[in-house]
Each structure stands twice: as structure tokens, then as C-alpha cells.
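Enquirer: This is what each chain is made of:
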Amino acid sequence: MLLSLLLAVAIAALRLRDLFAVVMLFGIYSLLTALFFMDLDAVDVAFTEAAVGAGVSTILLLAALRLVGRYEKPHRHNPLLPLVVVCATGAALIYGLSDAPRFGDANAPAQTHVAPRYLSEGPAETGLPNVVTAVLASYRGFDTLGETVVVFTAGLAVLLLLGMSSPSPIPDFGSEDDQRMQRHAAKGLIPFILLYALYVQFHGDFGAGGGFQAGVIFAAGLVLYDLVLGHLHTRQVIQDGLLIRLGALGVLIYGCVGLYSLLSGQPYLDYSALAKDPVHGQHLGILLVELGVGLTVFSIITLIYYAFSARRVKA
Amino acid sequence: MNLLIDVLSGLCLLAGSFLCLTGAIGLVRLPDMFCRLHAASLNETLGTPLILLGLILQVGLTLTSAKLALIVLFVLATNPTATHAMSRAALHSGERPIVDPEAQEKSSSKS
Amino acid sequence: MLVATLIALFLSMVLILLRAFAGPSVYDRVLAVNMFGTKTVLVIAVGGYALGWTSYVDVALLYAMINFIGTIAVLRFFEATAPEQATPDESNGEPRP
Chain L
-3 MLLSLLLAVA IAALRLRDLF AVVMLFGIYS LLTALFFMDL DAVDVAFTEA
47 AVGAGVSTIL LLAALRLVGR YEKPHRHNPL LPLVVVCATG AALIYGLSDA
97 PRFGDANAPA QTHVAPRYLS EGPAETGLPN VVTAVLASYR GFDTLGETVV
147 VFTAGLAVLL LLGMSSPSPI PDFGSEDDQR MQRHAAKGLI PFILLYALYV
197 QFHGDFGAGG GFQAGVIFAA GLVLYDLVLG HLHTRQVIQD GLLIRLGALG
247 VLIYGCVGLY SLLSGQPYLD YSALAKDPVH GQHLGILLVE LGVGLTVFSI
297 ITLIYYAFSA RRVKA
Chain E
81 MNLLIDVLSG LCLLAGSFLC LTGAIGLVRL PDMFCRLHAA SLNETLGTPL
131 ILLGLILQVG LTLTSAKLAL IVLFVLATNP TATHAMSRAA LHSGERPIVD
181 PEAQEKSSSK S
Chain G
1349 MLVATLIALF LSMVLILLRA FAGPSVYDRV LAVNMFGTKT VLVIAVGGYA
1399 LGWTSYVDVA LLYAMINFIG TIAVLRFFEA TAPEQATPDE SNGEPRP
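Chains as they are written, first to last, in this note's numbering: chain L, -3 to 311; chain E, 81 to 191; chain G, 1349 to 1445.
So that you can see chain L by itself, here it is in the shape it has in the complex (with noise of 0.2 Å):
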């Protein structure tokens, strides 16, 4: 039933030209995925993609598609090639799938592994009931350092293309009459979405949540701040040097917390060697990491959204 709904926004998003519709049908398109992962119990991922998908991607194509024409152009080559290719992957990847293990199956490789050690050992040997944060900050937490890493790159890359600085003076809304109601409702709702931002951060360890999603929802707040009350005032709440610092200082605690392991004797990113009870040390090591996490996913995003909504021409 969902799986059909999702097929039909996506040949809808295909056939229209429109390219303002077709971010909004990703949208929908993002909000059908997120049902899927609850169906399939994957609250965390439905967690990231409803904040990441739905929220944060929609203004980010939205502001890019400022910079590029609203309309489709029409293609100038023949799709038959392209048609050709796409059915020959399509079948040699469904013919690869046939031989794989069938969807939940126990005795498949990816569950008899390490998962059930993860599973039975995690919330004794971390002290955290959310296994998938457990998972995420401590079991597999270099190759969440790597995510972070990633994330502060991305940023790095935005800047050097595109500056934060705008060429011409940018109009600013947000300052007209019959924008008091906006402006009203979004003064009272702000606090809410960072304390809920603050919530999330902290209530990873034991229900859906973490650094990733908390620093999305963070830096929607931010957004709504910015869309409502005009770009001039959300710059002197949040300058453009504050969000660099902010995102290397969170890569910054996440390397430090394994630098100390190292430093104390133990192997990189060990936390058992923060505190003399080995449980203590995971649920310190992991409300530090997934600190560093958040602080780096929020001032990154907010980097990304102030760049392009910089850009108000085309250049």
C-alpha cells in the first residue's frame, strides 16, 4: 500500500517540469519513507530522515533552485541509450539480489555475526537501553568520528565554493506589517523546537533520538528564525566565524575523547578509560561524542543554509 503511493509520487516527480512541484513531491516522497522505517521499527532512521528529508533537503534545494531556473529544460538527446542502460543494471542487480538472504531471515550473515552480541551485551556493557546509539557512539564509534569528519568537510567544501558573504545587498523580508502574525507564531514556537532540539540530544541514550537528528532540528529552528525575522537579525545571533568554530570544536571533542583514551593507556576511542567503572566511562564517552556530533551537524547545516540563501541572484 505505501510501497504503491511511493511509486506513484515518484513517476509523478519524473513527469513534471515544474521544478518547484517536484521538491515538494520530494517532500512527500521523504515523509512515505519515514513510514516505511517506522513500519520496519527503525525509529532512529525515521527519526533523521523526517528531520533530514523532509525538513532540512526541501530548503536546501529549495534555495539552490533559486540560483538555478524554476523550469525543467527540455532534454535535446534521444533517452534510448539511457533507457537500455538503466534496464540492463536493473536486471543485473535483481538477478545479484536472488541469491541474497531473504528479508528477516535469523541464519543470514548480517545477523549472526556481531548483532546478537550487540543485541545481549550492549545496554550491560554501555549502560544504555538505545542499542542503536550504543551501536552508533561506542561499538562503532570510529566510523561515526569518520561521519562527523564528513559532515565538517562538506561544510569546508561549501565555503571555499561559495562564501558566506553575499556580492549585492540582499533584500530583506521579514520587517512588513502583514507578516506580524508569522513573525508572532514563530517567536513563540522557536524555544520550543531548541528545547525540543536539547531533548533529543539528551534523550538518545534511552529512546529514539541522538546527536545526528538533534542537530538537524537545532538547525531547523534556526531556519525558521531566519526565514521569518530576516536574515540581519539571525547573523547577529549566530555569526558566520561563530559556525566554523562551532563545527570544528565538535570534530574537536569527538578526536579529544579518543586522544584521552590513548593518552591513558587504552586503545583509541576506549572510553572504558574515563572513569574507573568501565560503564560509567561508556555512558560518559558517549554523551561527549554524541556532543561533539551534535554541535558539528547543527553549525554545519546552518553554514550550508546561510551560504546559499546568500546567494539572492543569479550569478
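If you are wondering where the hints come from, they were derived from the structure by calculation, not from laboratory data.
Quick caveat, the model's predicted, so the values are computed rather than measured.
Among the hints, erroneous ones may be present.
Residues from chain E shown here face chain G by an in silico Cβ test under 8 Å; the list is partial [unchecked claim]:
| id | residue |
| --- | --- |
| 1 | I85 |
| 2 | V108 |
| 3 | M166 |
Note that the Cβ used here is the ideal one computed from N, Cα and C, for glycine as well.
Keeping the supplied structure of chain L fixed, place chains E and G upon it in accordance with the hints.
Expert: Chains E and G in isolation, oriented as in the chain L frame:
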């Protein structure tokens, strides 16, 4: 007491889903963008809190129902704002609502 | 009763998708996406309770927020990009005072 709560929650859910469904039907069938905006968002702004209220009655008084009450407050605060923003944006970009031309002619011929 | 609610919500989602595909103007599509987001919040809340998903309330609350922010963002960006599209010769009504 349990039966009363069950019946109340069932009524709330039924009313809420009826409102949401009619709002969606109005979205498809009505002729003009402003008509659709009016029908859809009014129905939804009442239907959503009703459905969530029915859910709160079924869940009982726990942390979950407190969070559901927060969602109700949030929807009640943001849905009208979004509707206002949409109609303002549409009006600013030149969309105008359809008014019956025959009635307009009659009123102009009378006066 | 919960199942009936879920069925009604799915039907509404299909109808809203019809409007999202067919809407002649951008504002129809923005309205459709906003409504779809609210229906998703309801499906997550009701379905989460009925099917026993974990932590469903947090996701529903998040979606309500993101839906609102997304709608405001689309309207802002569209307003800032699109030139004035007023067509006075085609409109057949008076603007509301």
C-alpha cells in the same frame, strides 16, 4: 468508567477521521485554490486535535499522552499560521478567488 | 475504531496526492504537502499506538515541527523567486479586502 472512556475516545476518533476525510475530499473537488484552502485547513485544524484527543483517552495519563497533548497544542498553533501564510502568499502573487459573475452583474444592475 | 481511523487517513492521503499531482498552481501543491504532513503525523501517532511502534510520539512531534517549517520555507522562497504573476485580464473576482 472504562466503557465511558472507550465510547468517548471512539466518538472522538470517528469525528476526527470524518473531518479529515471530508477535508481531503474538499481538496480534490472544490474549484478554486482559496476554496480548497478554506475547506482543507479548517477541517484539518479541528480533525487532528480530535483524533489525538481520542488517542489520549485511550492511552491514559502517561508521559506519552502528555507529549500527544503537546502535539495538539502545536498543531493548533501552527496550522492557522500556515494557512494565513499560504493565502497571503497566493494573494501577493496575483491569485484571486472566483466570484460568481452572474451575482456580480445582478448586484451591479440593482445599484 | 483505530483501524477505521487508519483506513480513513490512508484514503485522505491518496486524495491529497491526487491534488498534489494535479494542482494547477504552486499553492495547491504547497497546501497538499502541508496537509500530507499533518496526515503523516496522525498516521504515526495512531499507527504507532495500534501497531506498537517504539518512541512514536517523538517522531510525530518532530514531524509536526518540520512540516510547519517546511511550509513557511516553501512560501518564502517561492515569494522571493517568482516575479509577479498577476493576470488582471483573466481574474474574474474582486480581491478580498
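Enquirer: For the restraint on E:I85, tell me whether the closest CB of chain G is nearer than 8 Å.
Expert: violated, 12 Å
Enquirer: Please verify that hint: E:M166, Cβ, nearest Cβ of chain G, below 8 Å or not.
Expert: Since the shortest Cβ distance to chain G is 6 Å, the answer is holds.
Enquirer: Tell me if the interface restraint on E:V108 is satisfied: Cβ within less than 8 Å of some Cβ in chain G.
Expert: Given a least distance of 5 Å, the restraint on E:V108 holds.
Consistency with the previously given hints fails for number 1 only.
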